[in-house]
Amino acid sequence: MGNLRLIARSLAHYRRAHFGLIVGTALAAAILTGALAVGDSVNHTLRTFALQRIGNAEYAVVSAEKLFSTSLGAALHEKSAAAVAPTLVLRGMAIFQNNETGSRAQVNNVQAIGVDAEFWNLAGAQIELGRREVALNQHLANSLGARIGDTVALRIPKPGLLSRDAPLSSREEESSARANFTVKAIAGDDQLGRFSLVASQLPPSNFFVNVADLQQLADIGDKANLLLIDGGASLTQLEGALAQSWDPKLAGMSATAREGGITQLESDRIFFDEATERAALAIPGGQGTLTYLVNAIKNDAHMTPYSFMTAGGLLTADLKDDEIVVNQWLSDQLSAREGEKVTVSYYEVLPSNKFEERFRDFTIKRVVSMAELAQERDLVPEFPGLSNVESCADWKVGMPMDEELLEDKPNEAYWKEYKETPKAFINLSIGQAMWGNRFGRLTAVRFTSTQPEQVMAALAKNMTPRDAGLEVRAIRKDAIAAVEQATNLGGLFLGLSFFLLISALILTGLLYAFGTQQRAEELGVLSAIGYTKGRVYRLMLGEAFLVALPGAVLGAAFGMGYAWALMIGLAHYWQNAVGRIPILFATQPQSIAIGIIATIACALIIAFITLRRLLKHKVSDLVRADFTQESRVRASGKIALSIAVVSWLLAVALVVFAFVSPPADAAGVFFGSGALALTGGLLIARQLLSRNATARNVQRPTATRFAMLNAARRRGRSLGIVSSLAAGGFLVLAVSSMQTDVSANADQRTSGTGGFALFAESTIPILDPAELNNAVPGITAHGLRVLDGDDASCLNLNHAIRPRVLGLNEAEFATLGAFTGDTDTALWQLLDRDPGDGTVPALVGDSDTAMWTLKKKTGVENGDVLAYRDEAGRDVSVKLVGKLPMRLSVFQGSILMSAKNFTRLWPSQEGFRTFVVDTPTGLQTEATDKLRKAFDREGLEVTTTVARLEMFHAVEGTYLSMFLVLGGVGLLLGATATGVVVLRNIIERRREIALLRAVGFTPRDVVNVLASEYGILLTLGSVIGAVASAIAMLPALTSAHGGASPLLRLGVFVLVLASALLCAAVALAIGLKKTGTTDLRAE
Amino acid sequence: MSSSIVSLRDVTKEYPDSPQFLRVLSGISLDLAKGETAAIVGPSGCGKSTLLNIIGTLDRPTSGTILFKDRDLHDRSEADLANLRNADIGFVFQLHHLLPQCSVIENVLVPTLVTKNADHAVERAQRLLDRVGLSQRAHQLPGKLSGGERQRAAVVRALINKPSLLLADEPTGSLNQQGAEQLAGLLLELNREEEMTLVVVTHSEEVARMMGRVFELREGTLHERAPQHG
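Order-wise, the sequence lines are chains A and B. Counting from 30, one number per residue, gives the positions in the first sequence under this note's numbering. Counting from 5, one number per residue, gives the positions in the second sequence under this note's numbering.
In case anyone wonders, no lab produced these hints; they're calculated from the structure. Careful, some of the hints might be misleading.
Dumping the calculated DSBU-like pairs for lysine-lysine here, alpha-carbon to alpha-carbon at most 35 Å [unchecked claim]:
(1) B/K120 to B/K148
(2) A/K370 to A/K394
(3) B/K166 to A/K1102
(4) B/K120 to A/K1102
(5) A/K1103 to B/K120
(6) A/K349 to A/K506
(7) A/K645 to B/K148
(8) B/K73 to A/K448
(9) A/K448 to A/K394
(10) A/K647 to A/K667
(11) A/K647 to B/K148
(12) A/K962 to A/K425
(13) A/K1103 to B/K148
(14) B/K73 to A/K1102
(15) A/K394 to A/K349
(16) A/K278 to A/K108
(17) A/K886 to A/K95
(18) B/K166 to A/K1103
(19) A/K425 to A/K445
(20) A/K667 to B/K120
(21) A/K929 to A/K370
(22) A/K562 to B/K148
(23) B/K73 to A/K394
(24) A/K425 to A/K187
(25) A/K187 to A/K95
(26) A/K425 to A/K438
(27) A/K383 to A/K445
(28) A/K490 to A/K187
(29) A/K929 to A/K327
(30) A/K438 to A/K394
(31) A/K448 to A/K349
(32) A/K425 to A/K448
(33) A/K929 to A/K962
Could you put the whole structure together from the sequences, leaning on the hints where they help?
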């Protein structure tokens, strides 16, 4: 008889025992495969959404806040043959006044998307939009409650060519524009309704209109900021085509012939950015100039306010740094002659958008006649809000101005006669040092012997599209990468099913171990007749494989049922776990294969371990197959008892400490305390069993003593029952309660709120946070600049490649001790420190963002680097030098940078869109309402910082609830394992039970003995588990902001205990049925 | 009133559910008086243990009557029979069936757990253990004892409640000859000292010959051998 035949015989003979094994294996496989299938489904859904949000577009030419002519799209199409859709995407607000119901709905942070027919070609479905017609996506339509035929309004910030942050920009100008549109269609997900370049599973609010309508509303002429391109060309071809199509005119550069044969190169953004300056000055003969409006030019006796000055130009060729050329009018006004001193005062705009007045003294080198300056007047760039006004009083400029001085009569007369003719000239380098700013250091470049066409041609040669902030991005590849690097949801659901899986494996292990122990005699005989250990292993593992295989295959099929159950839970109860998206079911064959193979591997490992333990016995012992004799342990419990006492003392000390001085991570402290109590409890249980096993007693044993003796007999198994209930219950209940109370210490600067009461975000930037303070007296708002990017918070399941960047005044936060406390402000100072390796320092918004969503290291020395591109098209390495110390802060999902660096890298990101606000005690609600009303047009959304933390925390709460429920189911399975152990014990002890019957125990007496025995164990387990869990759950129990409800936790605990009791009772009943007096025979 | 401790009248035992209809005992009648000693012998599988179990109320006959101290045990509940066993019947088996988790004295005292009045059980246990030479082993676990010692402990356990009837099923089966004779001798001594009736099922002719009466079970019927004198 060969091995196979022997295995076949064994399979047939032990079929009942094997059936249990098949069930256990199937359970494990079902849980494993099901969890992986849910992960697959979520990944499939994310991938579907990711592809839906870009439609048939493969690439995009994106521009960093700079607009370009839509003709670039046509040029690119010509050069590459790819289909190109010029698109204008602006942030805005949608408002729907429902006349039928009288209700008004406003949705902020809407994507206003100006499109043409080519865009819909990329969508694969045409939606023909006439003028003033809009296609809303389903999400926005639902949010507004608007239907086809309704009229909805769109408000957008007017982009403006010159940032409103820039000096000399017109801040008085209307910053937003509004228009009504008729809803023509609702764009479905298959019609690019989800269009977005941001990697997120959440649907955006899209407001599709005709591109011409949006351009008109924004008052930007024929401009766009995005080109969507299909797969008609490769990335390299597109980059080549873009370089060929590129023309500086498209980016607003123009060269014009001026008086005196001068060609002047100007930007419609007034200031030349760094790349343009470099390219322009590289053209032979180019001379840069910088014209600025100064506050005053004065000497000891006289002063003239608000004057244009120019740095550079023909008049300044021989000037030293401290010398100035003034015009005759100024000389007369100040009664100042050559060689005399004058002082120039001017404003410098700070990163906070505050103006600081500065002064500089000059010596008059020369006085030039007004006639000589006719040419200079012509060369002053046109400043919106300054030029072309009748009177100085009509100037609409952002910087603070003295109304009286604006009406200065001589100055007014000068304006009427000479307009913006500069009153003085200084050296260019000094002018740039004084007035250069993040928007540029030149306002024009002059050429004396080069024609405008030649200048533009040379500029085109010297500039690349990248210099203008244009970049071809492989958006499909990015979208897929964001999904593929997304949170490992298969692993997550496997983690959440951990207890269930472990319970199934324990059950399988127990069934296998007991089944194998039954066959110890057979193993002994095989060994006795000459089978080597290896051969015995092969034989038994071969048999185990043949049992595990059908179990695993069957389980994989049942796994789809488990996946289905999980998906129902995700759809109805745990939506936060998957970003509140509907999950589309899909599973990968490899997940099923992994489920089957992993389960079989686990089953074989369990079989191997069991066999190894059994085969360690002597062959003679195996043949006798009597392993029930466990010698009593020696009373070595002093150490264990000491550890137990120390554990309990530490647990109490931790609880006291946590109450006296609440730590930041109170949940962690209480969990640790509970774990110590559990350890102590289990050690005491162990000692209790050991002491009973070793105690000498000359008294007649009582029923309790007898039950304890019996419980102590198989101490390992008994402790297993106690531990599984106590530790299992503790882990499930305590872990599920590990939700930090985000409202605790929320008023402390060291908390995740930073001590701020409110958190606000606007759709349209607010130029000065002080505007909020003015709107609501008593509050103090701190503004943060925003570079839109991927949401790296726990709300986004996609991998954040370029997280959102917030620019803040680190000194302000350090002074407040916000997020760090007064004593540890060094963290904020890191933002102002140059790492010295060419990187820009940044902090991660909180430790969870660093660890879980970005998965990046932080540190001054070894912090990871994120790749960004600045507005000038340069690659920027942002080094994560640190992180806010708490797990969760209001800045979750973002990285923080100093405003100084932020404005240097992205100067066009105007104003502030995020605010943290201190309010007087008790005025939160009032301040919230007032702020909302005051900044309704900016789309300011205000929430309490605690509510914001709770929004993020809800995700964790959902995971914890899932863990609680799935863990609870796992514990129910564990209760079955308890039943198996009880049954096995009774079967092993059937002779003992028969003897009890023989010596006069009635059936009820026997049941009482056994019930007391297992009752003691279950009571021990539940008491230890309950006490340890209660300690760990203290913060959750005493908080109104906990995760799963205490009732649910109590319900799970009671259910688990009841199941353990029921399983033990059923096992007792089955076991006792199998015992009889025949068990007393020797055979 | 007779002086019988146990009387069997026309007792049969059948196993109708077995593959072949099996009648193990067929019309067995037997009277055992107080203080008597008896051996039941017969080939393996002839039904000796079944008969002993029926006598000891561990099993019920298919038909026939069992009188224990003149009380008919027919229709008695399991609980009544358990109480009867606890108070009046002691068992010794081929395997000692000592509880491995309990010390020797604890094992001896196990039957007293369900005894209503067991005031002097501990003293009696100590005295009996002393009597069988196990007083020094009282607090040891069965695992530490030799085979003979374990059986003696089992005998003490059987006697702890002063039974009227001691039933021993192959008590010497797992002992060597010397041990077997010593145990049989002990049982007889205790039979006299405790004034109980002793029934031993055995394969050993030597042990059987030590008993007052010898019954042979053949093909379901019981035949008493004539007493041997000399």
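For each hint, the structure was consulted:
Between B/K120 and B/K148 the alpha-carbon distance is near 31 Å, which keeps this suggested pair within the 35 Å criterion. Restraint check: the Cα-Cα separation between A/K370 and A/K394 comes to about 10 Å, which is no more than 35 Å; the hinted pair holds. Pair hint B/K166 plus A/K1102 holds up; C-alpha atoms about 30 Å apart against a cutoff of 35 Å. A hinted pair counts as satisfied when its Cα atoms are at most 35 Å apart, and B/K120 with A/K1102 qualifies at roughly 27 Å.
A C-alpha spacing of about 28 Å is found between A/K1103 and B/K120, which places the hinted pair at or below 35 Å, so the restraint holds. At most 35 Å may separate the alpha-carbon atoms for a hinted pair to count; A/K349 and A/K506 exceed this at roughly 55 Å. Under the criterion of a C-alpha separation no larger than 35 Å, the hint pairing A/K645 with B/K148 is consistent with the structure, at around 22 Å. This hinted pair does not check out: B/K73 and A/K448 have alpha carbons roughly 138 Å apart, beyond 35 Å.
Restraint check for A/K448 and A/K394: satisfied, since their Cα atoms lie roughly 24 Å apart, inside the 35 Å limit. As the CA atoms of A/K647 and A/K667 are separated by approximately 33 Å, the hinted pair is consistent with the 35 Å bound. Of the pairs offered as hints, the one joining A/K647 and B/K148 holds, with about 19 Å between alpha carbons and a cut-off of 35 Å not exceeded. Proximity of A/K962 to A/K425 is assessed by CA-CA distance (about 26 Å); at most 35 Å being required, the pair is judged to hold.
Under the criterion of a C-alpha separation no larger than 35 Å, the hint pairing A/K1103 with B/K148 is consistent with the structure, at around 30 Å. At most 35 Å may separate the alpha-carbon atoms for a hinted pair to count; B/K73 and A/K1102 meet this at roughly 31 Å. The suggested pairing of A/K394 with A/K349 holds, with an alpha-carbon distance near 9 Å, which does not exceed 35 Å. Only pairs whose Cα atoms come within 35 Å are accepted, and A/K278 paired with A/K108 is accepted, the gap being roughly 18 Å.
Taken as a hint, the A/K886 and A/K95 pair is honoured in the structure, with Cα atoms around 33 Å apart against an allowance of 35 Å. With a C-alpha separation of about 31 Å, the suggested pair B/K166 and A/K1103 falls inside the 35 Å cut-off, and the hint holds. About 17 Å separates the Cα atoms of A/K425 and A/K445, which keeps this hinted pair within 35 Å; it holds. Annotation: proposed proximity of A/K667 to B/K120 is violated, straight-line Cα distance about 39 Å (limit 35 Å).
Between A/K929 and A/K370, the direct Cα distance comes to roughly 34 Å. Compliance with the 35 Å bound is thereby established for this hinted pair. For the proposed pair A/K562 and B/K148, the alpha carbon gap of about 31 Å is at most 35 Å, so the pair holds. As the CA atoms of B/K73 and A/K394 are separated by approximately 144 Å, the hinted pair breaks the 35 Å bound. For the suggested pair A/K425 and A/K187, the alpha carbons sit about 16 Å apart, so the restraint of at most 35 Å is met.
The straight-line distance between the Cα atoms of A/K187 and A/K95 is roughly 13 Å, inside the 35 Å bound, and the hint therefore holds. Among the hinted pairs, A/K425 with A/K438 is consistent with the structure: their alpha-carbon atoms are about 18 Å apart, no more than 35 Å. Straight-line distance between C-alpha atoms of A/K383 and A/K445 comes to about 30 Å, which keeps the hinted pair within the 35 Å bound. Under the criterion of a C-alpha separation no larger than 35 Å, the hint pairing A/K490 with A/K187 is consistent with the structure, at around 32 Å.
The hinted pair formed by A/K929 and A/K327 meets the criterion: a straight-line CA distance of about 31 Å does not exceed 35 Å. About 27 Å separates the Cα atoms of A/K438 and A/K394, which keeps this hinted pair within 35 Å; it holds. Of the pairs offered as hints, the one joining A/K448 and A/K349 holds, with about 27 Å between alpha carbons and a cut-off of 35 Å not exceeded. A threshold of 35 Å between alpha carbons decides the hint, and for A/K425 with A/K448 the separation of about 15 Å falls inside it, so the pair holds.
Between A/K929 and A/K962 the alpha-carbon distance is near 31 Å, which keeps this suggested pair within the 35 Å criterion.
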